[in-house]
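Visitor: Residue-level listing of the chains:
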Amino acid sequence: MSDYNFAYLDEQTKRMIRRAILKGLAIPGYQVPFASREMPMPYGWGTGGVQVSAATLTPEDTLKVIDQGADDTTNAVSIRKFFEKTASVDTTEETAQASVIQTRHRIPEEDLREDQILVYQVPIPEPLRFLEPSEIETRKMHSLEEYGLMHVKLYEDIAKHGAIATSYAYPVKVEGRYVMDPSPIPKFDNPKMEMAAIQLFGAGREQRIYALPPYCQVVSLDFEDFPFEASKADHPCDMCGATDSYLDEVIMDDAGNRMFVCSDTDYCASRRKAGHVGAQAAAASAALKETAA
Amino acid sequence: MNADVLKGGFANAPVDAAHAFRAAMNVMARPGTVETLEGVEPPAPMSIAAGTLILTLCDPDTPLHLAGDWDCQEVRDWVAFHIGAPIVGATHAMFAVGNWNALAPLNRFAIGTPEYPDRSATLIVEREALVAAGATLRGPGIKETAEMALPETEAFQMNALLFPLGLDFFFTSGDQVSALPRTTKVEAA
Amino acid sequence: MYVAVKGGERAIDNAHAWLAEERRGDLNVAELSVAQIREQLSLAVNRVMAEGSLYDPDLAALAIKQARGDMIEAIFLIRAYRTTLPRFGASAPVETADMACDRRISATFKDAPGGQVLGPTFDYTHRLLDFALVAEGEASAVERGEARAEPTPHITEFLNKEGLIQTEVDSEDVPGDLTREPLELPANRPLRLQALTRGDEGFVLSMAYSTQRGYARNHAFVGELRIGKVPVEMEIPELGFAIEVGEIELTECETVNQFQGSKTEPPQFTRGYGLVFGQSERKAISMALVDRALRWEELGEDNLGAPAQDEEFVLYHSDNIQATGFLEHIKLPHYVDFQSELELIRKLRREAMENTMPVQEAAE
Chain Z
1 MSDYNFAYLD EQTKRMIRRA ILKGLAIPGY QVPFASREMP MPYGWGTGGV QVSAATLTPE
61 DTLKVIDQGA DDTTNAVSIR KFFEKTASVD TTEETAQASV IQTRHRIPEE DLREDQILVY
121 QVPIPEPLRF LEPSEIETRK MHSLEEYGLM HVKLYEDIAK HGAIATSYAY PVKVEGRYVM
181 DPSPIPKFDN PKMEMAAIQL FGAGREQRIY ALPPYCQVVS LDFEDFPFEA SKADHPCDMC
241 GATDSYLDEV IMDDAGNRMF VCSDTDYCAS RRKAGHVGAQ AAAASAALKE TAA
Chain F
1 MNADVLKGGF ANAPVDAAHA FRAAMNVMAR PGTVETLEGV EPPAPMSIAA GTLILTLCDP
61 DTPLHLAGDW DCQEVRDWVA FHIGAPIVGA THAMFAVGNW NALAPLNRFA IGTPEYPDRS
121 ATLIVEREAL VAAGATLRGP GIKETAEMAL PETEAFQMNA LLFPLGLDFF FTSGDQVSAL
181 PRTTKVEAA
Chain H
1 MYVAVKGGER AIDNAHAWLA EERRGDLNVA ELSVAQIREQ LSLAVNRVMA EGSLYDPDLA
61 ALAIKQARGD MIEAIFLIRA YRTTLPRFGA SAPVETADMA CDRRISATFK DAPGGQVLGP
121 TFDYTHRLLD FALVAEGEAS AVERGEARAE PTPHITEFLN KEGLIQTEVD SEDVPGDLTR
181 EPLELPANRP LRLQALTRGD EGFVLSMAYS TQRGYARNHA FVGELRIGKV PVEMEIPELG
241 FAIEVGEIEL TECETVNQFQ GSKTEPPQFT RGYGLVFGQS ERKAISMALV DRALRWEELG
301 EDNLGAPAQD EEFVLYHSDN IQATGFLEHI KLPHYVDFQS ELELIRKLRR EAMENTMPVQ
361 EAAE
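Protein chains in written order, with this note's numbering: chain Z, 1 to 293; chain F, 1 to 189; chain H, 1 to 364.
These aren't lab readings, by the way, just hints derived from the structure by calculation. Just so it is clear, the structure is predicted and the values come from calculations on it, not from any experiment. Among these hints, one or two may not hold up.
What the hints assert, rightly or not - Derived coverage of chain F by chain Z (criterion: at least 3 residues anywhere in the stretch with Cβ under 8 Å from a Cβ of chain Z; other residues may be distant): (1) 7-18; (2) 44-50; (3) 70-80; (4) 124-138; (5) 152-162.
Unchecked claim - Restricting the straight-line Cα-Cα distance to at most 27 Å, the calculated cross-link-like pairs of lysine-lysine (DSS-like) are: (6) H:K110 / H:K65; (7) H:K161 / Z:K160; (8) Z:K192 / H:K347; (9) Z:K81 / H:K65.
Heads up, the beta-carbon is just placed ideally off N, CA and C, and yes, glycines get one too.
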């Protein structure tokens, strides 16, 4: 093991983070300021999520880390290694096996359970930031529940494009009170946020923690005549044939041919293991048989 | 200083505190559930769960209020040695511990400000027993409804009306803990 | 056939190995020692200490070596190390009047008690490449004067005696700590000064420069710039008195600025203040100018909407570790978000085409 404390952070720092998490759970959707520490990875690379995970993990936990839905993306690998080294926790790529899941930009496809915790890495926690750059102003707006600016922005989108032109980090209203940034997950994932697991959000550089207790009301902002729509590519997964999962588009050749695959690598792999086959996978195995014959 | 105060802390602080926090987080996220919270042995009248909770969450940065019988020399010495939290009056407390009568009146405690509703006190209410039956609870963390025996209902109804301001409560008894955040709507049985 | 990209772990390990090799460079060239960096690249070491907020020349030199000379990377290494250090307490405020000055100049008075000491400065060098240094020749020893033993009074104190400059009132308040508490706005001057002293030198320089060019112009005289070592003392509760725990090199700058006076204050000069670890005079002067610009509200001046007057703007953007982390994170995969944007733009285009098609047909 290393010379560092269990889960890297010193105990006083963990207490400070833990207090912020508890207040976050008590005031769902409200961004609790916390004295984020400099971590051995850069700001913007998940330091908020890492600090929240470090304050949450116990040695018995099994940790899964995903980036863009995948366990094997380089930053997910790097964060997983960090906790293997500093907290000696078991790690897994299987969603069902994990007790704590740290994520960047996705919610796993498989429904999470009550005994699981989902930790989000958040770049800009303030949903109003792109409309109002000043923290003093946005804090005032939250305190007065003054969210008109957000509705105006969404409405201008509709007037201009005929649709709301926000496809990820789509703002939500929590328990009818705070407008919250769900982190840059695709809006496809927004409806999953009303879940059985505890959801914790950490923004290191911006020094904010927020949280959603289980079964918390999370409503994506919309208008009666333009209801929220959780969209994805209109295509089944070419590998596992899933029609209900969020898809990545992969460019296959110089001619620009493309295929669609699940962004949640564990979901796709477990479906294929269970015998589900998508169009490209079927074609490939047919081609293989032909060559063999 | 009594030599006993040196005892009763965590045996392995980083790991014990991690377990304790998970129990505290689980009950705060799921009002009505009861978990075991142990690891420290505070002096009487403080329960194991309350002692474990303050050792997990409090330090020199968190003013602590000891209410009623909990404000005794043994507890003060134990807090001074293991936690170092300044002991303060109710109005300046981030955390307070005592039984329901000693903590009253609740309006002495900080409920946060409109811009910083998190700057509110967390009250640790020591009880004879924690019973998952009685008042009906609704709100975040509860799938439909939950039940919990409360010392009274009106105080919690008033507290919920303050949302997003308000107090958050832990209930402790022996090595058991449960919680009631400001978001929970309480209905008498 | 598509195969999901695997092997992130191996790629990382390989990249790290390659990085180590590149850091060392050509093996036929002797390796740099940390001591060489500490002694011969001391201004780089000073910058890393200042922006890393840790006074340790050896560690700063090590960080520069490990970072291949990338200053921000070296500062990052020091910051990440610093957060893991336990805190034993706070020192007593250092007394810069007691500084053993290597350099001490004033632009406001031709001479003053303590004198003008030019010290080791680039100021009047001609910026001509010195090809003699290629030959790695030893510099000849120079004659040294004796350092002043008695305290060197601050120049601004002479103005203060006449009541011509605003008095900075001592405060008993314990200043906040940017590294231990979340930044809350509006901040106060101690927090602003903390942010500026550890802020990126380039950022603080540009902010200061912008005030000189007219964005919240407030003409600054360098009342005094001093560089030297000061003792650091710490109160030990068990002993009941302060003991010296070490010595640090500091650069201090006080600017004297114009002030018209207000309803409550007669016309008098005001100050900007800069204090930075090591010999870092560009940074200290810049800091003093930005400090002064940020004091507009307290001094009853107009908010001209200049960037250097905007506390929130300056404090949120001065830290190069935050800035570089967030800037560089856009290298990380964003394909989930990009995918959602792709779908959105296709949908919007489809709808736009459907709306415009009939018009096009009619035109044909």
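Visitor: Now look at each hint and say whether the structure bears it out.
Guide: Status of the hints after comparison with the structure:
For the region 7-18 of chain F, the assignment as covered by chain Z holds, since 5 residues bring a beta-carbon within under 8 Å of that chain's beta-carbons and 3 suffice. For the region 44-50 of chain F, the stated coverage by chain Z is violated: 0 residues have a C-beta nearer than 8 Å to a C-beta of that chain, whereas at least 3 were required. Counting residues of the region 70-80 of chain F whose CB lies closer than 8 Å to any CB of chain Z gives 0, which falls below the minimum of 3, so the coverage claim is violated. Only when three residues or more bring their CB closer than 8 Å to a CB of chain Z does the claim for the region 124-138 of chain F stand; here the count is 0, and the claim is violated.
Requiring three or more residues with a Cβ within less than 8 Å of a Cβ of chain Z, the coverage given for the region 152-162 of chain F is violated, as only 0 such residues are present. Taking the CA atoms of K110 (chain H) and K65 (chain H), the gap is about 42 Å. The hint is violated against a cut of 27 Å. At roughly 66 Å between alpha-carbon atoms, K161 (chain H) and K160 (chain Z) are farther apart than 27 Å, so this suggested pair is violated. With a CA separation close to 23 Å, the supplied pair K192 (chain Z) and K347 (chain H) stays within the 27 Å bound.
Simply put, K81 (chain Z) and K65 (chain H) have alpha-carbon atoms about 25 Å apart, close enough for the 27 Å limit, and the pair holds.
When held up to the earlier numbered hints, the structure conflicts with 2, 3, 4, 5, 6 and 7 and fits the remainder.
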